[in-house]
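> Spelled out, the chains give:
Protein chains: 2
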Amino acid sequence: MEKNIIRDRGAVYCNEGAWDALQEIISEIKPTKVFVLTDEHTQVDCLPYFLEHFHTAHIPIQLTIPAGEIYKTIATCLELWKQLSENGADRKSLLINLGGGVVTDLGGFVACTYQRGIDFINVPTSLLAMVDASVGGKNGVDLGALKNQIGIIHNPRAVIVDTQFLETLPPEQFKSGMSEMIKHGFIHSETYLQQAMAMSQSHTDETSQLIWDSILIKNSIITEDPLEQGLRKTLNYGHTLGHAIESYCLETPSKDSLLHGEAIAIGMILATYISHEQFSFPKEKLEETSAFLLKTFRKVDFSKPEIDEIIKLLIFDKKNTSGKIQFVLLENIGIHRLNCIVPNELIYDAFNFYGKLDKEA
Amino acid sequence: MEKNIIRDRGAVYCNEGAWDALQEIISEIKPTKVFVLTDEHTQVDCLPYFLEHFHTAHIPIQLTIPAGEIYKTIATCLELWKQLSENGADRKSLLINLGGGVVTDLGGFVACTYQRGIDFINVPTSLLAMVDASVGGKNGVDLGALKNQIGIIHNPRAVIVDTQFLETLPPEQFKSGMSEMIKHGFIHSETYLQQAMAMSQSHTDETSQLIWDSILIKNSIITEDPLEQGLRKTLNYGHTLGHAIESYCLETPSKDSLLHGEAIAIGMILATYISHEQFSFPKEKLEETSAFLLKTFRKVDFSKPEIDEIIKLLIFDKKNTSGKIQFVLLENIGIHRLNCIVPNELIYDAFNFYGKLDKEA
Chain A
1 MEKNIIRDRG
11 AVYCNEGAWD
21 ALQEIISEIK
31 PTKVFVLTDE
41 HTQVDCLPYF
51 LEHFHTAHIP
61 IQLTIPAGEI
71 YKTIATCLEL
81 WKQLSENGAD
91 RKSLLINLGG
101 GVVTDLGGFV
111 ACTYQRGIDF
121 INVPTSLLAM
131 VDASVGGKNG
141 VDLGALKNQI
151 GIIHNPRAVI
161 VDTQFLETLP
171 PEQFKSGMSE
181 MIKHGFIHSE
191 TYLQQAMAMS
201 QSHTDETSQL
211 IWDSILIKNS
221 IITEDPLEQG
231 LRKTLNYGHT
241 LGHAIESYCL
251 ETPSKDSLLH
261 GEAIAIGMIL
271 ATYISHEQFS
281 FPKEKLEETS
291 AFLLKTFRKV
301 DFSKPEIDEI
311 IKLLIFDKKN
321 TSGKIQFVLL
331 ENIGIHRLNC
341 IVPNELIYDA
351 FNFYGKLDKE
361 A
Chain B
1001 MEKNIIRDRG
1011 AVYCNEGAWD
1021 ALQEIISEIK
1031 PTKVFVLTDE
1041 HTQVDCLPYF
1051 LEHFHTAHIP
1061 IQLTIPAGEI
1071 YKTIATCLEL
1081 WKQLSENGAD
1091 RKSLLINLGG
1101 GVVTDLGGFV
1111 ACTYQRGIDF
1121 INVPTSLLAM
1131 VDASVGGKNG
1141 VDLGALKNQI
1151 GIIHNPRAVI
1161 VDTQFLETLP
1171 PEQFKSGMSE
1181 MIKHGFIHSE
1191 TYLQQAMAMS
1201 QSHTDETSQL
1211 IWDSILIKNS
1221 IITEDPLEQG
1231 LRKTLNYGHT
1241 LGHAIESYCL
1251 ETPSKDSLLH
1261 GEAIAIGMIL
1271 ATYISHEQFS
1281 FPKEKLEETS
1291 AFLLKTFRKV
1301 DFSKPEIDEI
1311 IKLLIFDKKN
1321 TSGKIQFVLL
1331 ENIGIHRLNC
1341 IVPNELIYDA
1351 FNFYGKLDKE
1361 A
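Just so you know, the sequences run in chain order A and B. Counting along the first sequence from 1, when you hit position 243 you're at 243 in this note's numbering, and nothing is skipped either side. When you read off a place in the second sequence, starting at 1, and then add 1000, the result is the number in this note's numbering.
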């Protein structure tokens, strides 16, 4: 089966035929120069495979950034803008971002703003980047501990998904991506939720199909509501508290940093608990999903003062206006409620519920 | 006469009724918070007048940057993003940029990229910002000596032009703006060119009308060719060498920095000389305009090695691709030729012509 979403900007090609599509797009763009951006990991693990499959007359100029969310900053962008400039990049140059979400988010932002915008193509190499960052056109960088505070929305020219890259992915990174697929299950359907929870890292047709389904779920939501006025907000499920937890752990030296998916997994347990309390989300599904998420992802202890700090961070969430914290909640799997105001006490209760869950159960 | 260009984004209101229009737009946007950005000069010279005319329920939060092109950098943006964040700016906040081109260009970029884009309104206070930066949606910052290397194209929600601000403008800043109006004359018509050259800084209806005509000339060009595929390139007249001269003087400690209009004035003399040599632009008009520009703007001496350096800088001009330097030239006033390749020898000849012009003549 062909796995393509075709459109002017932001076309997605997956596996069979994807590299041929890349070649065709580049013949169409006729770039003056091609740059390929990696981080220190994907330079080693993914660039050789990429170059093997990159059959055009261009010899890409390589740009590399240090690996990790802490480098998703304006300082890193500044370094890349300078390198593009020094290497003679002009308005008709092309940037290919080869890596996980940090590389595609940051590289996309650098491309959109270099000489007021050059073409870029994303080649996501992590599961998270494949199922989350590959569609939607969001790109940008963090501002201190605040995630994606600086950025713009602009689609890449195309996205090339090759699930072969997942073979080199560390298991915890694979799980981080699974977390977003599980989120797609929560907001879409019981069937997909069960499939995502049962997924394995082995590179099988079944895994590829589940990844493609996740891309299609996200794509259909974004196509229906590109400006995030309603439905698209559902993609924020588990992210309101998840982002705040991720930011808090990132900026607190005594806390281990969490991968995005790890933080979102905690955020989903909390949001599902709140959904149960506010909208009678079924108890047995709360228990089943919480047990699965707890078993699959790291458990983090939060003290009362830490929870206070996390709640303070919520007001910096881009989704919130006028200081009101707005949650996406669920009445049931696939049935959402937008713009829910949640009292702080209920947030404390949710942390209490999470804290009491038994990892060994 | 009403002076308005109405459209969804980037509407321009000039003088009578402009402040009422601002009030209406703000009632429409219903921002959660209003920020007003100035530099250290406009904070003193323009902010009190602005606040007198700002009749809404909002009390604007003031942000100030140091004055001058050398602060048109990503470092200044980073400072502003932090201040917006610390002051609780959210996606529905509004940024009003009150100042010259540096403030409107940089403030626009900060707004477009804060939380993936918030609304902004430009209130240009310099003549240059009124006639040049007010339409076209270009915004951004410099990268080292390279002008506007980082940025995006995005229209402000509206532009409020009040020519009263020109009363506080130092004469050399006024002349810097005149330079762009003269450029509009070169590419548009003999009539407007003569009017622009005869203009005075006195705040008269005639001056206001000439400013509005300049805005209309630029607007009609941009409306016809928003993507800069043809006609819009004419706005680059005098800018190819002008930008390179401006950059060179900015980064060379032994050279005095030039105002944008001063550099463009030199660029126009050079481009008009090249136009005469390549396309028989009339000699008497070359002499008349060169004499006027020389008399009105600073004359700068360039040595041979300096001209070499300036030519090197041309390849970083955003308008150039594949290392080819492309000029806009003129067959006559208002009759343009795009994408002209000019041999380096002719550029040296043009500098030679400029060098021999007698300031006292």
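None of these hints come from the bench; they were simulated from the model. For glycine and all other residues, C-beta sits at the position ideal for the given N, C-alpha and C. Fair warning: there could be bad hints in the mix.
For each label pair, taking beta carbons as the anchor points, the in silico distance ranges come out as [stated by the list, open to error]: (1) Lys-92/A / Tyr-1348/B: 27 to 33 Å; (2) Gln-164/A / Glu-1277/B: 55 to 61 Å; (3) Lys-1304/B / Glu-86/A: 22 to 28 Å.
> Now look at each hint and say whether the structure bears it out.
So, going through the hints one by one against the coordinates:
no.	hint	result
1	Lys-92/A / Tyr-1348/B: 27 to 33 Å	holds (28 Å)
2	Gln-164/A / Glu-1277/B: 55 to 61 Å	holds (59 Å)
3	Lys-1304/B / Glu-86/A: 22 to 28 Å	holds (25 Å)
The structure is consistent with each of the numbered hints, conforming to all of them.
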